[in-house]
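Number of protein chains: 2
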Amino acid sequence: MGGDSGPAELVAGAVLAVAARDLRVTLVGDETILASELRQHGSQPGVAQCIDIVHAPEVVAMDESPIEALRKKKNSSIAVSFSLLKKKEVDAVVSAGNSGATMAAAVRNLGRLPNVSRPGIASVFPTLRQPMVMMDVGANVDCRPLHLYQFAVMASTFSRMMFNIDRPRVGLLSIGEEAGKGNILVKKTHALLSDSDLNYVGNVEGRDCFKGDVHVVVCDGFVGNICLKLSEGLAGAVLTMLKHELSQTLSARIGAILSRKAFVNLRKVLDYAEYGGAPLLGLNGIGIVCHGKSSPMAIANALKVSARMVRSGVCATIAEMMEKSVVEEPDSDHGTEEADG
Amino acid sequence: MGGDSGPAELVAGAVLAVAARDLRVTLVGDETILASELRQHGSQPGVAQCIDIVHAPEVVAMDESPIEALRKKKNSSIAVSFSLLKKKEVDAVVSAGNSGATMAAAVRNLGRLPNVSRPGIASVFPTLRQPMVMMDVGANVDCRPLHLYQFAVMASTFSRMMFNIDRPRVGLLSIGEEAGKGNILVKKTHALLSDSDLNYVGNVEGRDCFKGDVHVVVCDGFVGNICLKLSEGLAGAVLTMLKHELSQTLSARIGAILSRKAFVNLRKVLDYAEYGGAPLLGLNGIGIVCHGKSSPMAIANALKVSARMVRSGVCATIAEMMEKSVVEEPDSDHGTEEADG
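Residue numbers (this note's numbering), protein chains in the order written: chain D, 8 to 348; chain R, 8 to 348.
The shape of chain D in the complex, shown without the other chains (with noise of 0.2 Å):
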């Protein structure tokens, strides 16, 4: 029931996701609604096979404060899609909903992995060459550097299981690639990956994200979060302006209709939904939070990646992990201290 534009959007994405019938699909929420759209896609492949729908009478809204609306609201489509998962009536959860509280929940129903101290979200982003995985893109905005190091294990694992990168090269996102730059909480991390079994290459800066060098980026969620978005606002601004100069002038309106599908291709590979949602790592059970703008074409990839996820036991697999790369915390700070001025 969740996101920006009501469940049309979602609904389409599911009918696009079983198509294959190679996944089933229960749309959780309002049941006379989730009926009525369903409907009008009762001919498509899939649909009457693999796709069923459970009801909760109840939506949290997108600006609605996470904790509070999940208390008040035991019914919300959030709240009960979680619920099936705990009861493993479902194997994964994939929300465009509100994120605090889809995180919420998933953390509340499934509960963290043992050893994972913060559970995260991932973001895979577009770059020149394979997709990056960046984590945490918002779960977590004040860190520790255990908690980074943590991360840099649970997104190199989801990296080489789903991207079939044997050791992914995992970077630590910085403001210059010697060791010695950064703020206190990232050399702090930097010593405890360089220590760790990773493949890590280091510190990487904000303009080497996109060249598909590393794999892996591991930022608090604050910074990840301000990545996400800016990337985001950047990619809309530069195909709003360059719509905008192909209006200029004749020839170059003429070029544009003649370059079309080049266009159509770049916003493709710029819009981040097209890669399948931000998976939730760290938890006992799989989760997927949408844009809240999501298409159904993003959905249906979100929808495929989770049973991806399920199929190849990721959750195990960082678990292990996880068991694995138990480090001691550096100290009990927080990763900063008082700076003079």
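Hints should not be assumed to be uniformly reliable.
Computed cross-link-like contacts, DSS-like style, restricted to lysine-lysine with a CA-CA straight-line distance of at most 27 Å [said to hold, decoys possible]:
id	chain 1	residue 1	chain 2	residue 2
1	D	K275	R	K81
2	D	K331	D	K194
3	D	K268	R	K275
4	D	K250	R	K250
5	D	K250	R	K218
6	R	K218	D	K268
7	R	K268	D	K194
8	R	K250	D	K188
9	R	K188	D	K300
10	D	K275	R	K218
Covered stretches of chain D (in silico footprint by chain R; criterion: 3 or more residues with CB under 8 Å from a CB of chain R, positions within the stretch not fixed) [to be verified]:
id	segment
11	132–145
12	182–191
13	205–214
14	235–246
15	252–258
16	263–272
Keep in mind the hints are simulated off the structure, nothing from the lab. Ideal Cβ positions, reconstructed from N, Cα and C, are used throughout, including at glycine.
Since chain D is already given, all that's left is putting chain R on it; use the hints.
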């Protein structure tokens, strides 16, 4: 002498800047090299009257440690430039060299303005509407709320004077628009800014930065530097992707030729360097840091911006605004605290 491609681009930039004969440029560096470069432009307007050379035999490399380099190389072009400014033999310094060394030399020679805890680096971003000033973009990686508050006062004054905006709209970079969203640093800064005389509009998200709705965006130097470089990387990646897409079919190739001017303009809008470098704010004097890869046009623009800063008296006005804006530091801790997990 700094920059990634040696002094040729910088000399060419100085030549462009003096064409209108409304400013004078002193080139600081290896006399022989600079004189030889300058001879190639001897016939250009203004060169003979408006450009002179001051010899500085040493160079701080781009990857040198700033503090150590300045200690060892007392006669580096960066050190000599700022000592000329200190002696009032020049009115401003523009550097495309090691930005850390530039900042350190500026602080050492010029000193902070009264009531400024931390000078910082502002950066001007292109948006869909008017330019947006972000501060800090790299000078201060670990900040307290008071520092961010002061960045807001300084960047707002800069935006008002340089872009003739009456009451610049100031936003605080965070991960949600609601007041409760953000890390601890942001939450505490929000309280300070809400009580200020600034035209503070609240939290802004990364995706809002490029819409042009706010004139000033405030963040710590770690986050700001990542935003700056991520934007640069993404803009470059988008142009590379577009070029690739436009070469894929004959129709697209013809289209690209017809709309060539649109792409040149887009590249110009995205080229942050065109905006005239990143001014150092909070110092008792004017310094501008340019990208190491600056084109002659970018250098010329930075020189023109520095002249406008001198003529507008922006340092004196920042000092005045800072005196009017003195607040008590909310508490002695860093703006971050222990979190659970």
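Here is how each hint holds up against the structure:
no. : hint              : result
1   : K275/D <-> K81/R  : 53 Å, violated
2   : K331/D <-> K194/D : 23 Å, holds
3   : K268/D <-> K275/R : 24 Å, holds
4   : K250/D <-> K250/R : 16 Å, holds
5   : K250/D <-> K218/R : 15 Å, holds
6   : K218/R <-> K268/D : 26 Å, holds
7   : K268/R <-> K194/D : 45 Å, violated
8   : K250/R <-> K188/D : 34 Å, violated
9   : K188/R <-> K300/D : 20 Å, holds
10  : K275/D <-> K218/R : 21 Å, holds
11  : 132–145           : holds (count 3)
12  : 182–191           : holds (count 6)
13  : 205–214           : holds (count 3)
14  : 235–246           : holds (count 11)
15  : 252–258           : holds (count 5)
16  : 263–272           : holds (count 9)
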